[in-house]
Amino acid sequence: MKNQRSFDTKTEFGTLFLVPTPIGNLGDMTFRAVDVMKRADLIAAEDTRNTQKLLNHFEIETKQISFHEHNTAQRIPELTEKLKNGLTIAQVSDAGMPSISDPGHELVVACIAQGIPVVPLPGANAGITALIASGVAPQPFYFYGFLGRKPKEQREELAHLTSRPETLIFYEAPHRLQKTLKNLVTVFGADRKAALCRELTKRHEEFVRGTLSECLEWSQTNQVRGEFVIIVEGNSEPEENAKESSLMADLSLTQQVDAYIGDGLAVNDAIKKVAKTHNLRKQVVYNEYHNIK
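Residue numbering for the sequence shown follows this note's numbering, starting at 8 and increasing by one per position.
Since the hints were made in silico from the structure, they are not lab data.
It cannot be assumed that every hint is accurate.
Below 25 Å or equal to it, Euclidean Cα-Cα: the simulated SDA-like pairs (lysine to any residue) are [to be verified]:
(1) K91 / K200
(2) K159 / A144
(3) K45 / A102
(4) K70 / Q81
(5) K159 / Q227
(6) K280 / N298
(7) K17 / K60
(8) K159 / S220
(9) K200 / R171
(10) K209 / E53
(11) K283 / E173
(12) K209 / V291
(13) K189 / T261
(14) K159 / D265
(15) K157 / A144
(16) K45 / D101
(17) K70 / M8
(18) K157 / P129
(19) K45 / P84
(20) K60 / Q11
(21) K209 / S106
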């Protein structure tokens, strides 16, 4: 067990500050975030070119170092060594909270393991911002972030989420939005309440509220631009056999069908049982099992 007193002046190490940045509107930068970045010895930025625009706007002259998903292994020992030598580092992503669908988590883990203080600052976050204006129940909620990019992989992920009673939060890029909505309709059904929240805090901020099928129709008849948060209503009637479903949670739909076949069920009966377990149409599981696109 490790105990951290964030502002203990007796520590010999520097501090890693996790600093949120605006998700579109520079007015959402906090006074504290600006102050921390000005006082830091170094800013570890996901994209130094992007962050430099922010620094210029707020007249922050602190030196930057790149820290992104492609140089994590190289940078973490370097950054932790600087912190152990007493330097203060502010870590930022391109927009929003570090570690939330952005770099940061591995550095936090490394710092905690070495007894380096890690101090988070509150600030902008796209998922929570979208949730409170979506019109869908704000709590409890389940943050998922980005789904897999391949359609089959995405459907399998959604199959494990279909029985969750919490409101679900997803992130999606504009060029993948329509395909993701098709899979949501296929797996969750057409009638769940949902909201598409795009360009949050920016000039063209927009909320599309309705059912999943209505959101899909909107994506098919409008020019889709900007980053999206998708808010989806939870399952109001969780599965009676949720326990059995949880036992197979780590298996793909195909593996679950094979497991039931191994227990003596015929192929079609096994497919039907998996479909019922996940509240899916039988055809969805049939197509997955027979690799029909």
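Each hint, compared with the structure:
Among the hinted pairs, K91 with K200 is inconsistent with the structure: their alpha-carbon atoms are about 49 Å apart, more than 25 Å. Of the supplied pair hints, the one linking K159 and A144 is violated, its CA atoms being roughly 29 Å apart against a limit of 25 Å. A threshold of 25 Å between alpha carbons decides the hint, and for K45 with A102 the separation of about 18 Å falls inside it, so the pair holds. Restraint check for K70 and Q81: the C-alpha separation of about 19 Å stays at or below 25 Å, so the hint holds.
A distance of roughly 21 Å separates the Cα atoms of K159 and Q227; the hinted pair therefore holds under the 25 Å criterion. Among the hinted pairs, K280 with N298 is consistent with the structure: their alpha-carbon atoms are about 18 Å apart, no more than 25 Å. Distance check on the hinted pair: K17 and K60 sit about 35 Å apart at the alpha-carbon level, beyond 25 Å; violated. Restraint check for K159 and S220: satisfied, since their Cα atoms lie roughly 20 Å apart, inside the 25 Å limit.
For a cut-off of 25 Å, the pair hint linking K200 to R171 stands: about 14 Å separates their Cα positions. Distance check on the hinted pair: K209 and E53 sit about 21 Å apart at the alpha-carbon level, within 25 Å; holds. Note on K283 and E173: the hinted pairing holds, with a Cα-Cα distance of about 20 Å set against a maximum of 25 Å. Of the pairs offered as hints, the one joining K209 and V291 is violated, with about 38 Å between alpha carbons and a cut-off of 25 Å exceeded.
A distance of roughly 20 Å separates the Cα atoms of K189 and T261; the hinted pair therefore holds under the 25 Å criterion. Between K159 and D265 the alpha-carbon distance is near 17 Å, which keeps this suggested pair within the 25 Å criterion. For the suggested pair K157 and A144, the alpha carbons sit about 29 Å apart, so the restraint of at most 25 Å is broken. About 17 Å separates the Cα atoms of K45 and D101, which keeps this hinted pair within 25 Å; it holds.
Our distance criterion of 25 Å between C-alpha atoms is broken by K70 and M8, whose separation comes to about 34 Å. A hinted pair counts as satisfied when its Cα atoms are at most 25 Å apart, and K157 with P129 does not qualify at roughly 34 Å. The straight-line distance between the Cα atoms of K45 and P84 is roughly 24 Å, inside the 25 Å bound, and the hint therefore holds. This hinted pair does not check out: K60 and Q11 have alpha carbons roughly 33 Å apart, beyond 25 Å.
Taking the CA atoms of K209 and S106, the gap is about 22 Å. The hint holds against a cut of 25 Å.
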